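Residue numbers (the working numbering), protein chains in the order written: chain A, 8 to 118; chain B, 1024 to 1141.
Any given hint could turn out to be false.
What the hints assert, rightly or not - With a straight-line Cα cutoff of 20 Å, these simulated PhoX-like cross-link-like pairs (lysine-lysine) come out:
#1 B:Lys1094 <-> B:Lys1080
#2 A:Lys86 <-> A:Lys52
#3 A:Lys86 <-> A:Lys9
#4 A:Lys110 <-> A:Lys52
#5 A:Lys9 <-> B:Lys1080
#6 B:Lys1034 <-> A:Lys98
#7 A:Lys49 <-> A:Lys9
#8 B:Lys1080 <-> A:Lys49
If you're looking for bench data, these hints aren't it; they were derived computationally from the structure.
As the structure is a prediction and not an experimental result, all values here were calculated from the model.
Here's the letter readout for the chains.
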Amino acid sequence: RKEVEQDPGPFNVPEGATVAFNCTYSNSASQSFFWYRQDCRKEPKLLMSVYSSGNEDGRFTAQLNRASQYISLLIRDSKLSDSATYLCVVKHGSGNTPLVFGKGTRLSVIA
Amino acid sequence: DTGVSQDPRHKITKRGQNVTFRCDPISEHNRLYWYRQTLGQGPEFLTYFQNEAQLEKSRLLSDRFSAERPKGSFSTLEIQRTEQGDSAMYLCASSPGQGLFSGANVLTFGAGSRLTVL
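With the hints as constraints, model all of the structure from the sequences given.
Next comes the structure, spelled out in structure tokens:
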């Protein structure tokens, strides 16, 4: 089982739609969780951290379910500029362990 | 520019040649990471440094790969006797790494060095 799994998509949605991505992780000792965004031929950039109680940043909401070991990202009122690949990222443990990236979920928002 | 810088941005080489990539992290960040990314995949961890100490290496990092961070500032990643399978984007990232604040583990990536092995 891969450490971090995501549906690769693509998700093709119209402008204004709400879209949700899920991600599962295999290591129950994982401590930190993030969503990164990667535009075509660009480097990944932090979109948001994911906190245990769930958190929201404008149109973006992230949730964590430790019991089921999954993380979700909800995007409301999709914009054309949201088109990108969304990478689920997990850090195993609290020590000197690196971040593990999923393969990413590709989103295309269509006018 | 206070971001992460990588050089060169593109490198085309013939199989069997050696290549070296350089990364200059954000100056106040003491952790530096190397990742590799191929088309349709997420970044795969290669190795990372805390200051000048190399703390972890992935099994992906064969004996042909070596990374250094001699003074705890910039880092180099060398690939010897390149193979076509080494063709990828090599991403460097840095993070503060210290402290319990939520941003300690957040990675800031450079634009990457794209390697093509012919």
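Hints, verified against the model:
no. : hint                    : in the structure
1   : B:Lys1094 <-> B:Lys1080 : 19 Å, holds
2   : A:Lys86 <-> A:Lys52     : 18 Å, holds
3   : A:Lys86 <-> A:Lys9      : 31 Å, violated
4   : A:Lys110 <-> A:Lys52    : 15 Å, holds
5   : A:Lys9 <-> B:Lys1080    : 19 Å, holds
6   : B:Lys1034 <-> A:Lys98   : 31 Å, violated
7   : A:Lys49 <-> A:Lys9      : 25 Å, violated
8   : B:Lys1080 <-> A:Lys49   : 25 Å, violated
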